[in-house]
Structures are given as C-alpha cells and as structure tokens.
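Colleague: Listed below are the residues making up each chain.
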Amino acid sequence: MGNAADQVKGWVDQEYRWGFVTTVEADTIPKGLNEDVIRAISARKGEPEFLLERRLKAYRHWLIMIEPKWSTVCYSPIDFQGISYYSAPKSLKDRPGKLDEVDPEVLRTYERLGIPLLEQKRLAGVAVDAVFDSVSVATTYQKELANMGILFCSFSEAVRKYPHLVEKYLGTVVPYNDNFFASLNSAVFTDGSFCYVPPGVRCPVELSTYFRINAENTGQFERTLIIADAGSYVSYLEGCTAPRRDTNQLHAAVVELIALEDAEIRYATVQNWYPGDREGRGGIYNFVTKRGLCAGNRSRISWTQVETGSAITWKYPSVILKGDHSVGQFHGVALTTNFQQADTGTKMTHIGKNTRSTIVNKGIAGGRGQNTYRGLVKVLAGAENSRNFTQCDSLLLGDRCGAHTFPYIEVKNRTAQVEHEASTSKIGEDQLFYCQQRGLSREDAVSMIVNGFCREVIRNLPMEFAVEAQKLLEISLEGSVG
Amino acid sequence: MTLPAGTRDRYLAEFERVGGSRKGRPAWLRRLRDEALARFLASGFPTVKHEDWKYTGLAAIEQGEFEAAGADGGDLSPADIAGILPGEEADRHVLVFLDGRYRPELSTRRDLPSGAHLGSLTGALGGEFDGLVPYFSRSAETAFTDLNTMLMEDGVFLHLAKDVRVPEPIYLLFLMSPAARPVMAHPRNLIIAGENSGVTVVEQYAGRGDSGYFVNSVTDISAGRDATVSHFRFQEEGPSACHVAALRARQGAGSRFAAHSASFGALLSRHDVHAVLDGEGAECLLNGLYLGNGRQHVDHFTTIDHAKPSCASREYFHGILNDRARGVFRGRVIVRKDAQKTDARQTNRNLLLSKESEADSRPQLEIHADDVKCTHGATTGPLDEEKLFYMRSRGIDEASAKGLLTYAFADEVLRRFDLPVLRSALEEKLLAWIPETRRVQEFLRETGQ
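Going down the list, the protein sequences come from chains E and C.
Quick note: the first sequence uses our numbering, first residue 38, plus one each step.
Quick note: the second sequence uses our numbering, first residue 475, plus one each step.
No lab work stands behind these hints: they were computed from the structure.
One or more hints might be untrue.
With a straight-line cut-off of 20 Å between C-alpha atoms, the simulated SDA-like cross-links for lysine to any residue are [stated by the list, open to error]:
1) K528/C x Q366/E
2) K359/E x E298/E
3) K523/C x R513/C
4) K205/E x L89/E
5) K523/C x E298/E
6) K384/E x Q838/C
7) K415/E x K528/C
8) K415/E x V397/E
Input sequences plus hints: build the corresponding full structure.
Modeller: Put into structure tokens, the structure is as follows:
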C-alpha cells in the first residue's frame, strides 16, 4: 500500500514537456463574443453566405442554452467574453503556397513536438494537416492524395474550394443545437481538417492533424469533417498539445464522421493538452463533441483515443449505427494525475438491424485525478439482433484519486444482446514483487503493468501512434522510484 | 417542478388533518414535518429531467387524486389474512396494517424475548422511547420520503436490546382494501437492532382489488455492531396501484444486513434501497427479482455506500419483462476515501420476453480508495439460443424450454431467499406468472424440488 503510494510519487513530480511557448506575432480578434465577432471571423476567412448564416443561427441558439452541470467534473466558471475567438499567426496572413514558406518559428515548434513535417512526409508517409491556434498551417502530401481523388485540406480551404460538400454534410451529425459547447463551436469555429474520400478509394496513408494552442487567452474551436463515400476507407490520426499557462484555456472542438455504404473510418486521437501544474492551476478545458454516423449499410466507424492531457477532459466519441450491419467501436485509455479530471466514454446508438458495437475503456487514476467513464448503449426498437459488448476497467494508483463508472444501458428490442462489465483494482504488490524478482526495477514494473493494462486499446492505434502513446504513458510514470 | 394547485391543496389538507391528531407529540417531530413540507412544496415531484428519475415518469402519482383512506376498511377475518400471507407458518409474528392503520384484531402477536419491543411507531413517538431523533434525520431525503414524513400516521417500531435475538420471522402486512375513490397510505417503519442482536423482518405489500391507490412507505433500519438483520420485501400491489418505497439501512461494524426483494405487482413501482456500511467489516447483500407484464413499470434504485474499510457488499438484481413492461435498474456503489479493502460486486440481468418490453440499466461505480475490489456487470437480452437448442435437441418443446430457462433465470435470485416458507410461496407465484410452465411444474415435482 505504502509502496504503491511511492510508486506514484513520480506522477506528482512530472512536468509537462510540451509546455514551451512559441513567440509568433499573431493576428488576434479582440476578446469577447457577439455577432460582430462572428461576422469578423467569417469575413476574415472569406466564407460563403450560408456558413455565416449557420454560425449566427448557432450563436443565437447558444445564447438561450444553459451550461451543462450534470457531469462529475468541477471547474470555475468560464468567462466566454474573456476569450479571443480568433488567433492566427501573423506572418501567415498571406498563406504560404509551399511548406518552405511557413514561418520557421512555427516549424521549429512542430519539430520540438516531434512532428517534423518534412521528415514525416518522406519517411512516415503520413499526410499532416497542422493546426496552430486557429488556422491550419500546412498540409503535406496534398497533391499525391488529390491524384487519387481524396480531398484532404484545412477546413477553411474546403469552404473555399468545395463549398457544396461542406454545405451538404456540415452539421448533419452534430447539429448546431446539439449541446452547449457544440453550439458554441458551430458559431465560432475557426479551422480544422476536412477530408473526403471518393467511392471505392482506399486511402493509402494515415491522414493526420496536429493541433496546438499557442496564444494566451484564446480558445481553440476547430471543426473536423470526414466523409467516406461508398466502399472507401480512411484512417485518421489526431494529436494535440498546448503550452504551459497559468490560466485555463478552452478547447471546444467538434468532429463529424460520415461513413456511407460499405465505408470504413478509423479515427485515432492522442490527446496531450497541457494538464495544469501539480497544484491544479492552469491547463486546458477539453470539451469536445465527436460523433460518427454509420449512414450506409455495412459501414464501420472506429474511435481510438489515448487521453493523457488536459485539466478537464469531457468527451464522448459516439457512433450512430443507422445502416444495417454497421459496426461501431470505441477503444479508450484515459489517464489522470495531479488534479486532472476526465469524464469520458462513448455512446452507441443502435438503429439499424444486425448492428454491432464494442466498447473497451481503460481508466488510470493517480494523484488526485478523477477518472470517470460515462457511456450510453441505446438499442432502439427496430435494431433487430444488435449486439454490444462493453468492458470498462479502472486502475487506481493512489489513495486520493477516484475512478468512476457510469454506464447507461437502454434496450428496447428483445433480440438485442447487451453486455457490460466493469472492474476496478490497483496494481497488486504481488504483481510488482513478481516483476522485481525477475530483475525489473519497480519503475519498469509499474510501467509494464500499466502498458499491459492498456494493451487492448493501444494495439488498435496505427503504428506511429502506438509508439507515441506508449511513450506518453511511460513518461507519465517516470520518476516513480520504488 | 412545482405542484399543480389541486395536488398541492390535497396534500396540504392531508397535512393539516394528520397534524390534528398530533398534539402532544414531540416538538422535534413537528419541526421535521414542517421542514419536509417546506421542501416538498418547493420542489414538488421530480420529473424525468431529474437524473435519479430519468426513466420513470410520475404522472400517475402526480395527477392521481389520492385521499386518505377511510377508517372502515371493510370486513376481514384472520382467515382472510392467512390466505394472503405466504405459506403456512405457525411460529410467526404478524402485524397487519389495513389501509395504513394498524389492526390488532387481524394481527398475531406472540411472546417476544425480553429486550425486544415490537409496537406501533406512533406509540414510540409519543414518548415511550427516548433518543429516536437521530434515526429520523440522518438520511438524504427525496420528495417521497419528505411526503412520508409529512403524512405518516402509523407503522412499526421494532427495538432490540443488546444480544436479543428473535427466532421467528416478523411479518408486516400492508394491505389496501378496494375503494371507490383513489386512496393513499404512508407507512413508516423503524427498526433498531442493538449490538449483536438478530431479527428477520418480512414486509409484504398487497392490494385486495384493482382500484387505483398510492402507497408510499419508508423503512429505516439501524443495525448495531455485529447485529444481523434480514429484510424481505414482497410487493404484490393491485394492478392499478402506484407503489413507492424507500428502505434505508445504516450498518455498524461487523453487522450483516440482507435485503431481499420481490416486486411482482403495481402498475408503477419504485423501490429505493440505500445501505450505508458505516463500520469496519460490515456485510451487505441486496438481492432482488422484478417481474413486469402488461404496462407495468418497475424501477429499482439502489445505493450501497462503503463508508468504512473492510466491508463487503453483494448485489444481484434480475428482471423479467413481458408485453409492454419496462424495467429500470440503477445500482450505485460508492467507496469513500479510506474505505480500503472494500469488496463490492454487483450484477444486473434483464430478460426481455416480448417485442415491446424495455430494460434500462445503470450500474455505477464511484470509487475514491485504491485498495479495493469492485466489479459490476449488466446484461440485457433474450434467452440463450444455445441453451434453448440444447434442450430442444433433448426432446423438450420450445415453449417448455423457454419456461424452464425463464424460471431458472428468476430462481437464481429466489434461491438466496433464506426463508423457506416465503421462498416456496414466491416460486409458486413465479410459476404462475411465467407463460408456459406446465412442464416445469412436472419437472419440479418429479425431482422433488
């Protein structure tokens, strides 16, 4: 017991490694939120009329909404007028045509993050769309993808180049009035990624976005829209970091996935926003709405997430299984230390016949972290022979943390089979003893056990991400001197 | 949500009426009632927007024009009572409450060991026993427990001194008679089991007609150090009845508390169980079976609070839903900071027999200590196809195979009812409830079970 506490002491000493600030002159709209700000954002991005209308509609709806209070997370009230809703690195005002023209300072930031855009382009074969504060900085590999008919670009570019696609699909999965933070995003979103995979095309590389909040007092409201047309396949990766600040920053993103007939989308996230310091000061409020729609028959959507950052994480990547025989998956690892709070999980809504969903969630709580799994499995009356399996395991690494499980299971069809299992435990002294007896240090043993605990989820990540995720977990456990 | 004016006036009038017979009662009780009234009037009945009532709408209660039941209650003989009570058992204490009022002429009182007091709660509140205040104000209240506090008139008070064990079970029968107008009753029971004492209590709720009525009961149990309290609840209200019940238990170190529940009746029923394991080494078992057919709505809302280290809890709830019935289960397990060495397990299983039935399940673990073993599992689905196939391949027809599997699913819970008379009575009722059980009965007869 005491030993386990020592093991975890390292969490407390753990500093955020991605907490550097990049000094880039930024073009920022003054703080505050009103219709003029929304018009200004829209104007700066040269958006078509329909988008501005949608923004204003969402904003007017948001005004009458009440901030939700139902979750177990607690935080001081957010001053929505104290946030700047648009911040663009200034030297990018005239967007660079080529990667070489990108502000070297920004590129260096990404290098420190370990995503050398040039390198990755050649070696990893990952097409990256990097979002820095509010605008997309550079998109690699675009031409090669374009040859296959795959449209992968920043959201702003998509609005300019493919407005018909944006108009057709935007808001179809997460409507403007969905929830408080999604409505706010619908009103003020600045940039994000857009991807369209045409029928029958299998995207040969992993598409990737890297988000970074740099400027102080800004919020990041990105919007991602991925459409996989009939019979296509795409795998998408998303990573995030933010500099160290004393104040809390808001991140309210919306991600919409649409899989048409026989299409498959895999979406992976490694979220490492700044979690705040050891006293719980600062850090990112990560309030995200992610939802996928299996619109066509036999479509598949899979969410995989590794959540190690943010002061507060509040997100439930969901799948609406509308098409018959469609499949939804969720694999998640959430890790909370210090004063971090995570309230995360998933929703699976079974509408079509023979739909299947799998949920595997691993929560790890240390320090004074609070880790909550919250999930909904809903089987509607028409979802004949649908199937769900849910497994939620929690690992506790201290006696001041908390691990909670709140599943909701609603079944309206008797042919449906729904199973839920959850367990909570700590690392056993016997397990540690066994490892040490075989020559492992206590620290390595803890790290190994934690990695083993998460293995089911991590092996669902694409290779590059699996390595990064494992490393993140390891680093978080570093300094646990037994 | 605030109350509609009509409902508000009815409850206020009832509050005044109950207050009329309460002169001379202790001042603290008067204060409690006033506080409950104030809270109830301010909040009214909860709506489905309230997280604890997400799946249970209360329109039937809110719009029902319930009045206090009349004092006559029709003519009943002890033989009628024997027909309602489960099985035949010579050695039992029976207290009958007809329409919420204690009826000594229908009850069977036996000698109790010295140190055991069994009587009406009204008498106890009149001043016979001191120090009851804390037992009335240590639980979080809901709109229904507040309503009960406001309007309670009668119920049981059981007090066991140190080391007193009552060998026979004590049956409390709450019976509602048919009435022309919708009536209501708010029974309130208090069971205080002293150190190392032991008792078995059976609460039975039944209706004698199919008229609509509303029963809202509260039972508070305090189990002292090393005490053993076995509580059984058999709810078989009339088909149009609304039944709301709260069972709240606080356990001392080393105590053992078991709450068995069988919910078969009522149109709308809701059973709250709240057990606080407030001493090291306490053990708690919640074991329940609920059946629903027609348009029945049956909701179980349980909380097990591990407040101290080294406690163990087990929770098993099975539900079978047919026709358009809806079953709701919420099982919350809380492990407080420093409640190390907690061992908590929970299972909820739902069987859907018809196309339009529905099951909503919310198992919850809330854990603030690290050295714990906690698991929960929940399943919802039809009967296992493989088991059905196995039985059919051995010559059992489909309907009988389904009957047998359904019976087995429910009996898993009933087998834990360690009160043989009650258990076999419930098993009989279960067999009558399950659609096709002729072969099952033959089988049970042949195997002598």
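Colleague: Which constraints among the numbered hints does this structure fail? Numbers only, ascending.
Modeller: 1 and 5
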